[in-house]
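Chain A is fixed; fit chain B onto it per the hints.
Each chain, written out:
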Amino acid sequence: MSTQKITIEYDDTTVRYFMIASVIWGAVGLLVGVLIASQLNFWQMNFNMSWLTFGRLRPLHTNATIFAFVGNMMFAGVYYSTQRLCKARTASDLLSKIHFWGWQLIIVAAAITLPLGYSRGKEYAELIWPINIAVAGIWVIFGINFFWTLAKRNEKSLYVAIWFYIATIVTVAMLYIVNHLSLPTGPLHSYPLFGGVQDALVQWWYGHNAVAFFLTTPILGIMYYFIPKAVERPVYSYRLSVIHFWSLVFIYIWAGPHHLLNTSLPSWLQSLGMIFSLMLWAPSWGGMLNGLLTLRGAWHLLRTDPVVKFLAAGVTFYGMSTFEGPLLSIKSVNALSHYTDWTIGHVHGGTLGWNGFMAAGMFYWLAPRLFKTKLHSVAMANMHFWLGMIGILLYVASMWVSGIMQGLMLNGTNEDGTLLAYPNFLETLQAIRPMMLTRVVGGTLYFVGYLLMVYNLFKTFASGSPVNGTVEVEADEKTIAKIEQKFPGFINAPVLYSCGLILFSCIWMFGDGIWMILGLILTIAVCVAAIMHFEIAGSKWSQWYDQLLEHSYVFTILVFIAAAIGGAVQIIPTVTINRADNIEGRIQVPYTPLELAGRDIYVSEGCYNCHSQMIRTMVSDVMRYGDYSRLGESIYDHPYQWGSKRTGPDLAREGGRRSDDWHYFHMINPRDISPQSNMPAYPWLNTADYDLKALPAKIDAMRRLGVPYPMDLSEEDIHEQARAQAIEIANGLNERGAVTDENKQIIALIAYMQKLGKYTDTTQVTMNPTENQE
Amino acid sequence: MFKQMMVDDWANLAAIATFAFTAGVFIFVVIRAIRMSKQKRDHMANLPLSEEPLKQTDNHE
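The listed protein sequences correspond, in order, to chains A and B. Heads up: the first sequence begins at 1 in this note's numbering, then just goes up one per residue. Heads up: the second sequence begins at 1001 in this note's numbering, then just goes up one per residue.
Calculated from the structure, these hints are not laboratory results. Even glycine gets a Cβ: it sits at the ideal position worked out from N, Cα and C. Be a bit skeptical, because a hint or two may be false.
To be verified - To give a feel for the contact side, a few chain B residues facing chain A, derived at Cβ under 8 Å: (1) T1018; (2) A1020; (3) V1025; (4) I1027; (5) M1036; (6) Q1039; (7) R1041; (8) H1043; (9) M1044.
As the list claims (entries may be wrong) - In silico DSS-like cross-links for lysine-lysine, where the CA-CA straight-line distance does not exceed 30 Å: (10) B:K1038 to A:K374; (11) B:K1040 to A:K374; (12) A:K5 to B:K1038; (13) A:K372 to A:K5; (14) A:K229 to A:K97; (15) A:K229 to A:K459; (16) A:K152 to B:K1040; (17) A:K5 to A:K97; (18) A:K156 to A:K229; (19) A:K693 to A:K459; (20) A:K229 to A:K331; (21) A:K645 to A:K331; (22) A:K156 to B:K1038; (23) A:K331 to A:K97; (24) A:K229 to B:K1040; (25) A:K152 to A:K331; (26) A:K97 to A:K152; (27) A:K97 to A:K374; (28) B:K1040 to A:K156; (29) A:K693 to A:K645; (30) A:K645 to A:K758; (31) A:K229 to B:K1038; (32) A:K5 to A:K152; (33) A:K331 to A:K372.
Okay, chain A solo, but in the shape it has when bound (with noise of 0.2 Å):
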């Protein structure tokens, strides 16, 4: 075997491109972000324009703060750590350079799209399809540039933050691809493939993930990478990061369900949801007590390190934010969270605790050391570090006020339970007030310290020069060939006795009669076998385990399954079961030609944003908004408006609740139907026109999802339909002062607000075959 010395220098050109873009998306995620929290306080501050409300700027905060910011520091760490790890320079200078210009391209489409309306309507998912085909390739293109660095890798052992990244990146591609799976109507526009339950269901299963593998498990590959390297001590426990690794990467995936808590999900599905939430307790803190206890020796460092100062606060506001994530994931809990702004207070601990004060301490580490010079001000990052604390403080104190005392409002009853508490949800809306001012006051504080942070690090990047990091191995080039060459491969007892367990699993699970019987017998029969092969040969089987983690490839398809397994067993059921002919009872009424256009402007202005469309199961949903929402009622919605927030009450069942000037007069200007409301106006929608001519193709598209629209509708009677719905709208308004004509967009969305609600009852349908209505 031979052996040569050879310097290899790190890339740490792209790591600095990332840590500068993400300081940049920073500061404008979070702008936009004191921006919509001041527009709850005044709503003014929307302005009268189109793109500047708060339906269209709340998508635009979540997707810069998580993609642009935390996406482009998670970028930064990853890139920096890896090549280090792996004493390997990153595979493919052009990949880096694709993946860093492609992903600020993707900011750059989704800070113009999200303002001009261009939205899916479904959170942290909200970019139009053209932009997810880029995002997957960009995607792609970081998975192909990092496993190609693994593979050129100088250490034969994969150090446990690179088994997040990996984790990560697989994970994000699965979930980001299911959950954007589309159907395009044009250039701009398209409708999800899945529909009401099952794309609540999808869009949780990714929404909770996407805060678990983009906000969470890289960030904890840089805290087991970045808090060792700050305090110059091994982590605490490396047992306690695999245990950490496989817990939280298997049970993470099961939680999503605990986002639908209440609603017509199925039960079974929400009781896992809330079980495997309340199991990640335990990996959780076991992650957060080891990044603390590396700290072992070095506390002292707090009082004079930012960098140790802002890694600690962070790993704390992790292990906060992760034992109030399955607090609220208990149903009696939830119950009283849900919609209101309690989740908003857990998640900004999260993202403003956790991952703001993470990216903080990995960029004042970094700084220097890419600019070889030094911090331009130490006594600056001390006053980020208590600016932020104290906002952070201030923000999550108030929600958590504003959430308990909302969510208690709105669920309260008079002593014997027949009449609400305060039956005008504006009255709830003012008791929260002050709350939110407060929040704006926090979140301020954070932006400023923030500012500090950009001002600091633009003045250290200035007082120095770039430079590479190298490092000299003795590196044999064929060592890492070798190992993946010896791997025993997929053709052994512990994998083929798991795939046959899976396989006679579903057999016993799925079939019926004979099939059923036969896929017990045999799934017990693969149990018992492996367990006496097992015994037989246990220390090869425990060879392969050793080896299997010195194989990237091999590893990343064991995270596959095990992040896999969760969606599987949650959304296959469901597919199934959200089908019209499987459902008993009520089922929704598609809508007509103008009620989809009107649709299409409630998804744009994003209403979903602060109206929810789904009753729980719970009194006081029912005494405030009429009958709870059963599953069949929203299964031609494509895509599902549930809602994960009530600013505003929830429009389940609007639909002739009010009369057509009503709602005329309170989008037009909604303070001269209700003087408290907070509700942006909505002048535009009376001189824009909706889209008439692309109703054949959306009509086309929904068709071909399932929705039973007749076959022989022609483009001419779709047209025709829509305006003579529009046409007796406007008359109708026209007759009572409300000045407008049949083609404007409010026409579209009244129709579409008064149709919501709406479904037949299949068990009296021979009877009464006509659409019913609470």
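Relative to chain A, chain B alone:
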């Protein structure tokens, strides 16, 4: 079996089955972690600290 899953209230069964499955995975991982040799643990834990750059070269970007 699948039809029973759709029709019956099988919340308890699903919760127990998945909990047992997860517990099995967890126990396996714990055993593997406990049985990891000290040499291996020390090597892995020190990986971030063992790759300090020996020198830095100017990069004219």
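Hint-by-hint comparison with the structure:
The interface hint given for B:T1018 is met, as the beta carbon of that residue sits about 6 Å from the closest beta carbon of chain A, less than 8 Å. Below 8 Å, beta-carbon pairs count as interface contacts, and B:A1020 has none with chain A, the closest being about 12 Å; its hint is therefore violated. Because the smallest distance between the Cβ of B:V1025 and any Cβ of chain A comes to about 5 Å, under 8 Å, the interface hint for this residue holds. At about 10 Å, the closest approach between the beta carbon of B:I1027 and any beta carbon in chain A exceeds 8 Å, and the interface hint on this residue is violated.
The beta carbon of B:M1036 comes within 6 Å of a beta carbon in chain A, closer than 8 Å, and the hint placing it at the interface holds. Interface hint status for B:Q1039: violated, as the beta-carbon distance to the closest one in chain A is roughly 12 Å, over 8 Å. Among the interface hints, the one on B:R1041 holds; its C-beta lies about 5 Å from the nearest C-beta in chain A, closer than the 8 Å criterion. A hinted interface residue such as B:H1043 counts as satisfied when its beta carbon comes closer than 8 Å to some beta carbon of chain A; here the least separation is about 7 Å, so the hint holds.
Nearest Cβ of chain A to the Cβ of B:M1044: about 5 Å, under the 8 Å cut. The hint holds. For the hint pairing B:K1038 with A:K374, the CA-to-CA distance comes to about 37 Å; that exceeds 30 Å, so the pair is violated. Proposed proximity of B:K1040 and A:K374 is contradicted: the alpha carbons are some 36 Å apart, above 30 Å. Straight-line distance between C-alpha atoms of A:K5 and B:K1038 comes to about 29 Å, which keeps the hinted pair within the 30 Å bound.
Distance check on the hinted pair: A:K372 and A:K5 sit about 25 Å apart at the alpha-carbon level, within 30 Å; holds. A distance of roughly 27 Å separates the Cα atoms of A:K229 and A:K97; the hinted pair therefore holds under the 30 Å criterion. About 24 Å separates the Cα atoms of A:K229 and A:K459, which keeps this hinted pair within 30 Å; it holds. The straight-line distance between the Cα atoms of A:K152 and B:K1040 is roughly 22 Å, inside the 30 Å bound, and the hint therefore holds.
The hinted pair formed by A:K5 and A:K97 meets the criterion: a straight-line CA distance of about 28 Å does not exceed 30 Å. Simply put, A:K156 and A:K229 have alpha-carbon atoms about 20 Å apart, close enough for the 30 Å limit, and the pair holds. This hinted pair does not check out: A:K693 and A:K459 have alpha carbons roughly 54 Å apart, beyond 30 Å. Restraint check for A:K229 and A:K331: the C-alpha separation of about 41 Å exceeds 30 Å, so the hint is violated.
Restraint check for A:K645 and A:K331: the C-alpha separation of about 17 Å stays at or below 30 Å, so the hint holds. Simply put, A:K156 and B:K1038 have alpha-carbon atoms about 17 Å apart, close enough for the 30 Å limit, and the pair holds. Distance check on the hinted pair: A:K331 and A:K97 sit about 46 Å apart at the alpha-carbon level, beyond 30 Å; violated. Restraint check for A:K229 and B:K1040: satisfied, since their Cα atoms lie roughly 20 Å apart, inside the 30 Å limit.
Of the pairs offered as hints, the one joining A:K152 and A:K331 is violated, with about 48 Å between alpha carbons and a cut-off of 30 Å exceeded. Pair hint A:K97 plus A:K152 holds up; C-alpha atoms about 19 Å apart against a cutoff of 30 Å. A threshold of 30 Å between alpha carbons decides the hint, and for A:K97 with A:K374 the separation of about 27 Å falls inside it, so the pair holds. A distance of roughly 12 Å separates the Cα atoms of B:K1040 and A:K156; the hinted pair therefore holds under the 30 Å criterion.
Our distance criterion of 30 Å between C-alpha atoms is broken by A:K693 and A:K645, whose separation comes to about 33 Å. The hinted pair formed by A:K645 and A:K758 meets the criterion: a straight-line CA distance of about 23 Å does not exceed 30 Å. A threshold of 30 Å between alpha carbons decides the hint, and for A:K229 with B:K1038 the separation of about 21 Å falls inside it, so the pair holds. Taking the CA atoms of A:K5 and A:K152, the gap is about 16 Å. The hint holds against a cut of 30 Å.
About 52 Å separates the Cα atoms of A:K331 and A:K372, which puts this hinted pair outside 30 Å; it is violated.
Consistency with the previously given hints fails for numbers 2, 4, 6, 10, 11, 19, 20, 23, 25, 29, 33, ordered from lowest to highest.
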